[in-house]
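Protein chains in written order, with UniProt numbering: chain A, 1 to 315; chain B, 1 to 304.
Calculated from the structure, these hints are not laboratory results. Accuracy of the hints is not assured; some may be wrong.
Each computed BS3-like pair below joins lysine-lysine, with the alpha-carbon atoms no more than 30 Å apart [stated by the list, open to error]:
| id | chain 1 | residue 1 | chain 2 | residue 2 |
| --- | --- | --- | --- | --- |
| 1 | B | K110 | A | K310 |
| 2 | A | K71 | A | K44 |
| 3 | A | K310 | B | K74 |
| 4 | B | K264 | A | K310 |
| 5 | A | K147 | B | K131 |
| 6 | A | K65 | A | K40 |
| 7 | A | K310 | B | K242 |
| 8 | A | K310 | B | K129 |
| 9 | A | K147 | B | K264 |
| 10 | B | K90 | A | K147 |
| 11 | B | K177 | A | K147 |
| 12 | A | K310 | B | K177 |
| 13 | B | K177 | B | K8 |
| 14 | B | K210 | B | K242 |
| 15 | B | K74 | B | K226 |
| 16 | A | K65 | A | K50 |
| 17 | A | K71 | A | K282 |
| 18 | B | K129 | A | K147 |
| 19 | B | K264 | B | K210 |
| 20 | A | K93 | A | K40 |
| 21 | B | K90 | A | K310 |
| 22 | A | K147 | B | K210 |
| 23 | B | K242 | A | K147 |
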Amino acid sequence: MSNLFSLIQNENMKIYRRFGTWVMIGLLVLASVTGAIIIKATHKETNDWKAEVAADSNNIRKILKDNNIPKIQKDHLQKQLTINEYRLKHDVKPMESNTFWGYLINSADIISLVTLFTIIVAAGSVASEFSWGTIKMLLIRPASRAKILLSKYITVLMFAVSMLALLLMISAASGALLFGVETIREPYLAYQNGAVVETSMLAHVLQVYALNCADLVMLATFAFMISTVFRNQSLAIGLATFSLFIGPQITYFLSLKFDWAKYILFANTDLAQYIDGMPLVKGMTMPFSLAVLLVYFVAFNAVTWWTFQKRDVAA
Amino acid sequence: MKPILQLKHVRKDIGKKTIIHDLSLDVFAGEVFGLLGPNGAGKTTTIRMIVGLMGITSGEVLVNGVSVTRDFEKAIQHVGAIVENPEMYKFLTGYQNLVHYARMTKGVTKERIEEVVRLVGLEHRIHDKVKTYSLGMRQRLGLAQALLHRPSVLILDEPTNGLDPAGIREIRDYLRKLAREERLAVVVSSHLLAEMEMMCDRFAIIQHGKLVTIESVQELSQQTEKVLFIVEPKEKAAQMVKAHDPHLDIRLVDQGLEVTIDYKDIPRLNAMLVAEGINVYGIHVLAKSLEERFLEMTEGNEIV
Ligand SMILES: Nc1ncnc2c1ncn2[C@@H]1O[C@H](COP(=O)(O)OP(=O)(O)OP(=O)(O)O)[C@@H](O)[C@H]1O
Ligand SMILES: [Mg+2]
Chain A
1 MSNLFSLIQN ENMKIYRRFG TWVMIGLLVL ASVTGAIIIK ATHKETNDWK AEVAADSNNI
61 RKILKDNNIP KIQKDHLQKQ LTINEYRLKH DVKPMESNTF WGYLINSADI ISLVTLFTII
121 VAAGSVASEF SWGTIKMLLI RPASRAKILL SKYITVLMFA VSMLALLLMI SAASGALLFG
181 VETIREPYLA YQNGAVVETS MLAHVLQVYA LNCADLVMLA TFAFMISTVF RNQSLAIGLA
241 TFSLFIGPQI TYFLSLKFDW AKYILFANTD LAQYIDGMPL VKGMTMPFSL AVLLVYFVAF
301 NAVTWWTFQK RDVAA
Chain B
1 MKPILQLKHV RKDIGKKTII HDLSLDVFAG EVFGLLGPNG AGKTTTIRMI VGLMGITSGE
61 VLVNGVSVTR DFEKAIQHVG AIVENPEMYK FLTGYQNLVH YARMTKGVTK ERIEEVVRLV
121 GLEHRIHDKV KTYSLGMRQR LGLAQALLHR PSVLILDEPT NGLDPAGIRE IRDYLRKLAR
181 EERLAVVVSS HLLAEMEMMC DRFAIIQHGK LVTIESVQEL SQQTEKVLFI VEPKEKAAQM
241 VKAHDPHLDI RLVDQGLEVT IDYKDIPRLN AMLVAEGINV YGIHVLAKSL EERFLEMTEG
301 NEIV
């Protein structure tokens, strides 16, 4: 009977009225601004980008002569070569990190910080109510447990989106201030069906951000699940951050030996591998990864929902 | 009269252990009903089942005739409760806590929040963070959140825990007032026996998860009682009483005469003493305290 909107409002109040949340927001802003300052201070200008691109192309051609290299790698290099040739022909300078767009692309690396903070918030969402004892007050209202859980989950995702938007805005602002906006009209060179096309840089930046969000969503959902099942925030933070930092490594080593590694969550969270890289295991495709992610997503949420719905509250 | 809160053959198993056995009770509008039992008797478990925090293994709980398990949202909207300690969000102010709970129920206005704050006497501290509150203030805030939506059943688990004597008295009077004037059904639990006696109209004694008995405080005080007559001269009075009814159990004590007598017979005995020229300075009903009663019921067994 209480409506979902009010419940979400409550959850947001509980997040933003806490000091810790503002520390996280402060750290994110700091990371984004310092990133720009460091690049400004350390970046070396290339004198002659055309010579460098030409050298790179020669290198690629040498490697391509070898017939033993696998097909995926060959395709990847071929694509690189085509783009290089396009640059020289149409005088399109490669994007450098000390430019407005270059810095925005770089700022996507800071998304792992957003992931970490979202994990912390997700891990606390249910577990804190138990450790504070407030769960007893929360669940004796005319609101179903399902609705309360949904409001919490939505609020966690809202937090992630707000943090991403903040990161993008602060990075854009510090990029514009430190590197200027003269290069803002430069296009992004995309490789589509064997040809190079000029596309919007903004769309590219948003795509890079979006592709980086797969592990953000998956790990937040994972932390949310652990938090609900074990009612312990530290455990949820621990397991999720461990997975965040160690998961990809372990998956990589496994993928060298075993084909089934492609079913591991972390083999699939890096969706950028299909755009400008090589798949971890031969035969993996974007739809395959999306399907695997969906299965994990549904499984995590089912476990969370089921435990929250069924278990007695005897804290 | 239809009961507001009904427990029908409620049973709770946790693992292989049965915590509550076949518990049935009815609570009516306008009464304060006690759940009395020693530590570990199952009072909190019973309350958790009533408010839906714990599932019910078998049997059912009805609020205004609506099953808590089958139609939770409809049943619980008439219930206000504090289960064990009144835990609040410590990083929020008292007022923000109330806003939080107000948002979860329909029709709680800003005016109602302020009214409840005044009711529990927190107006001076309501905008302070809860982490700065004393236990008594948290108890009051807990009461405020339970009353916010004008429930018809109020359930409080050990409501006087942590309150000073003045606070205990205040809560007691307040709960009685809610029951009398607003026709609420109030359920309180306690292991403090004397407190139940002062606060409740009826109470259930629970031991080892089983209902031992349901007693009415009024009936209890009207059973055969020890009555102290403060009289002068004592010896003469004793003789008179013996002559009046040789079956009465009489004992001479310092202040006067202790007689075990039916409640309704007290005025007659007094009239007789006065008529015989004995000076009667006072009559005290030494109500058999609940404690005695309680220990009698549970046969002085080990309690946990
Ligand atoms: N989650 C649980 N798992 C197993 N046993 C439990 C659980 N919760 C309570 N119990 C047992 O159920 C019994 C009743 O506990 P409950 O908390 O209801 O007692 P109580 O009457 O409220 O006692 P107190 O006066 O100490 O508050 C106890 O024996 C307790 O050990
Ligand atoms: Mg208890």
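Status of the hints after comparison with the structure:
1. Proximity of K110 of chain B to K310 of chain A is assessed by CA-CA distance (about 34 Å); at most 30 Å being required, the pair is judged violated.
2. Annotation: proposed proximity of K71 of chain A to K44 of chain A is violated, straight-line Cα distance about 35 Å (limit 30 Å).
3. This hinted pair checks out: K310 of chain A and K74 of chain B have alpha carbons roughly 19 Å apart, not beyond 30 Å.
4. Taking the CA atoms of K264 of chain B and K310 of chain A, the gap is about 55 Å. The hint is violated against a cut of 30 Å.
5. A threshold of 30 Å between alpha carbons decides the hint, and for K147 of chain A with K131 of chain B the separation of about 28 Å falls inside it, so the pair holds.
6. For the given pair, K65 of chain A sits about 39 Å from K40 of chain A by alpha-carbon distance, which is inconsistent with the 30 Å threshold.
7. As the CA atoms of K310 of chain A and K242 of chain B are separated by approximately 68 Å, the hinted pair breaks the 30 Å bound.
8. Between K310 of chain A and K129 of chain B the CA atoms are separated by roughly 33 Å; this puts the pair beyond 30 Å, and the hint is violated.
9. Proximity of K147 of chain A to K264 of chain B is assessed by CA-CA distance (about 58 Å); at most 30 Å being required, the pair is judged violated.
10. Pair hint K90 of chain B plus K147 of chain A holds up; C-alpha atoms about 24 Å apart against a cutoff of 30 Å.
11. About 36 Å separates the Cα atoms of K177 of chain B and K147 of chain A, which puts this hinted pair outside 30 Å; it is violated.
12. Pair hint K310 of chain A plus K177 of chain B does not hold up; C-alpha atoms about 38 Å apart against a cutoff of 30 Å.
13. Pair hint K177 of chain B plus K8 of chain B holds up; C-alpha atoms about 28 Å apart against a cutoff of 30 Å.
14. Proposed proximity of K210 of chain B and K242 of chain B is contradicted: the alpha carbons are some 44 Å apart, above 30 Å.
15. Restraint check for K74 of chain B and K226 of chain B: the C-alpha separation of about 49 Å exceeds 30 Å, so the hint is violated.
16. Only pairs whose Cα atoms come within 30 Å are accepted, and K65 of chain A paired with K50 of chain A is accepted, the gap being roughly 23 Å.
17. Taken as a hint, the K71 of chain A and K282 of chain A pair is honoured in the structure, with Cα atoms around 10 Å apart against an allowance of 30 Å.
18. As the CA atoms of K129 of chain B and K147 of chain A are separated by approximately 28 Å, the hinted pair is consistent with the 30 Å bound.
19. A threshold of 30 Å between alpha carbons decides the hint, and for K264 of chain B with K210 of chain B the separation of about 33 Å lies outside it, so the pair is violated.
20. Between K93 of chain A and K40 of chain A the CA atoms are separated by roughly 19 Å; this keeps the pair inside 30 Å, and the hint holds.
21. For a cut-off of 30 Å, the pair hint linking K90 of chain B to K310 of chain A stands: about 28 Å separates their Cα positions.
22. The hinted pair formed by K147 of chain A and K210 of chain B fails the criterion: a straight-line CA distance of about 35 Å is larger than 30 Å.
23. Restraint check for K242 of chain B and K147 of chain A: the C-alpha separation of about 73 Å exceeds 30 Å, so the hint is violated.
When each numbered hint is compared with the structure, violations occur for hints 1, 2, 4, 6, 7, 8, 9, 11, 12, 14, 15, 19, 22 and 23.
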